[in-house]
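Undergrad: Letter by letter, the chains look like this.
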Amino acid sequence: MTAPAVTPSIEVNGLNVGLLTPAKGEVRLVDDVSFAVRPGAMTAIVGESGAGKSLTTKAILGLLDTRRFRVGGQISLGGVDLAGMSARQRRAHVARTASLVFQNPTRALNPTMRVGPQIIESITKVRGTAQMSKAQARERGLELMRAVGIPDPKERFHSYPHQLSGGMRQRIVIAIALAADPKVIICDEPTSSLDVTTQALIMDLFDQLRAERGISFLLVTHDLALASSRVDDVVVLYAGRVVEANSADRVFRDAAMPYTRDLVAAIPDPADPAAMWQERPPRRSAPTPGAGCSYAANCAFAEQRCRDEVPSLLRLDTTGDDPDHLCRCWFPVSSSVSHGPLSAATEQGGS
Amino acid sequence: MTDTPRTGDDPLLLCEDIVQEFRVRRRGAFGSATVSAVSHVSVSVARGQTYAIVGETGSGKSTFARSVIGAPPPRSGRILVAGQTISGRGRRASRARGRLVQMVFQDPMSAMDPQWSVEQIVAEPLRAQGGAGGRQRRARVAEALDMVGISPARFASRKPTELSGGQAQRVAIARALVVRPRLVILDEPVTALDVSVQAEILRLLWRLRRELGLTYLLISHDLAVVRSLADQVGTMYLGRLCETGRTEDVFTAPKHPYTAALLSAIPSIGGRADASGDGRIRLRGEPPSPLNPPSGCRFRTRCQYAQDVCGTQAPPLAAAADGHAVACHFPLTAGTAAATAAAG
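Keeping their order, the protein sequence lines are chains A and B.
With this note's numbering, letter number 235 in the first sequence gets 235, and the count goes up by one each step, no holes.
With this note's numbering, letter number 210 in the second sequence gets 210, and the count goes up by one each step, no holes.
Only chain A is shown next, with the shape it has when bound in the complex (with noise of 0.2 Å):
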């Protein structure tokens, strides 16, 4: 039951990113990759290293280099396809929908330059210098440093990124990113770096600009706690396609895809921390290209069919019970995952 008007602010159907080698062609990287993000929603693509994530979120802002990478399919940003527009066209569109947060703050701001004029630079850039006195510009940015819950803005703005933490130069890194206004952040492992108590309260600055401002996020993220606890939806890439797509809250307890299974159960279960110390069979082999499922040659319940064709991401519930569950697998599994809660914290919290 997805509502049918309204328009999503991120709209990829059937992306294909294929990297061009001199030896062997052209090397499906990301294929067949579709969702949606609806406007103030927050969707997190998960998956492992080589799945596909980082490559997915960079054809998205066409940031990929077109002499080693073919890009195909159909990417919307704000209700607008980007098929059919210029390369010019498109940069401008997209820099006026969308920004991008990387991991690293440290790496993401220029180390020489104090933070202030770094995200006055960037609202002179989208507006143009012409459109915004000196005196505004720097009104706008405190704002921005204010909106993203930086204390004493008028001192800060003269730091330099090292006199500053680790959490407080991801929040100059997003007031860099909210300075075009955007609709669309896209955010690539934006709290890898931090301490868990830093990544929570950034995670809620992204859950206010949400709501205050209608900003929808892509999340990038490895961490399948944070997706499940902290986003609306995900989508789980597997050897760059999507594997399993739900509601955040059911995603990994009613996992139906056997790589989706069994990445939940390589997370230690704190309720009994034995069962982490069965030995299991270890990974026999990389994810398969070409035809079958990529998951086949790992998949304990695989067959010949598995390893033959690719299977749809096909919606798995037909009858209504779980909308929005789809899934890539020629026998997915029906019953529920049993993995308790992480930590014994949220056990308790619940009260």
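Heads up, a few of these hints could be off.
Just a sample of chain B residues kept apart from chain A, beta carbon distances all over 10 Å, derived [to be verified]:
| hint | residue |
| --- | --- |
| 1 | Asp10 |
| 2 | Ile69 |
| 3 | Gln106 |
| 4 | Val179 |
| 5 | Asp194 |
| 6 | Trp206 |
| 7 | Ile266 |
| 8 | Arg282 |
| 9 | Gln307 |
Listed below are the simulated DMTMM-like cross-link pairs for lysine to aspartate or glutamate, each with C-alpha atoms no more than 25 Å apart in a straight line [stated by the list, open to error]:
| hint | chain 1 | residue 1 | chain 2 | residue 2 |
| --- | --- | --- | --- | --- |
| 10 | A | Lys154 | B | Glu286 |
| 11 | A | Lys58 | A | Asp188 |
| 12 | A | Lys58 | B | Asp194 |
| 13 | A | Lys24 | B | Glu162 |
| 14 | B | Lys159 | A | Glu48 |
| 15 | B | Lys159 | B | Glu119 |
| 16 | A | Lys154 | A | Asp81 |
Derived by calculation from the structure, the hints in this document are not laboratory data.
Glycine included, C-beta positions come from ideal geometry on N, C-alpha and C.
Fit chain B to the known structure of chain A by using the hints.
TA: What follows is chain B alone, placed relative to chain A:
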């Protein structure tokens, strides 16, 4: 040794009153200042057990671990491993350290020389100690690689860049084990790895501890990892130990407000943690500078329960009968924790 929480009868690692300080030059100003990185920390770990230290960036957990391997040795205090003092600055202490203690680092790739082969990397601690001839050394390397599930025949001549993340961490563990140490320090051993590989490495570490009778000192901010591997846990804040005890006790009934805040910040599968609350305790502000830590209890500037006494007196680490110790004037009880959770 009077108020050191004891875990078993035979501590393999005994750290008494460890202090680590660094002098830093002040930018623009005259003179220098002292960073109090580790302040009077005492830890005792029984043989075959795992002790985990958790805390935020800057809490001093890594500095503490590094003082155990002598990089650098502590400014004051005493460290004993298997009854031998290893905290001195002399050559004798340094040799004992190399034989008894080894460390596994967070990022295996950057901990290895990219030009060396796996065999050279694993053999390096043996070579540093001397005493083993070429053939014997090769046998020890093969034995260590076997233990971590890396085939010596297939991998001995490979370079680090030809290894996957999980294989590289296995090689790093083999390098730590090759000298047959008694204590292994694990500094974020799985943080840099993918979830499925993390599980394999954790299982390997668990099996090695059992088979070789190893003792682990684990530094981690991944509390799921801590919960599964550690028998005992200590939380550190600005260089001080706030709370220590059996992992299960600390996780289910934290007594220090900081531990409670840390635990409640961890996201979990199936749990919702919006800004609206559901029992999450949010810390106010940022950790103060270790150059100028708050007087009394160092956590008081961010603590919602802080009173006047917290500013004047540093609370001692007081242990209950079950070994669960907390350094707090107003430790949480089951009642206060529930009240906080309800208030949001």
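Undergrad: Any hints from earlier that this structure breaks? Give me their numbers in increasing order, please.
TA: 5, 6, 7, 8 and 16
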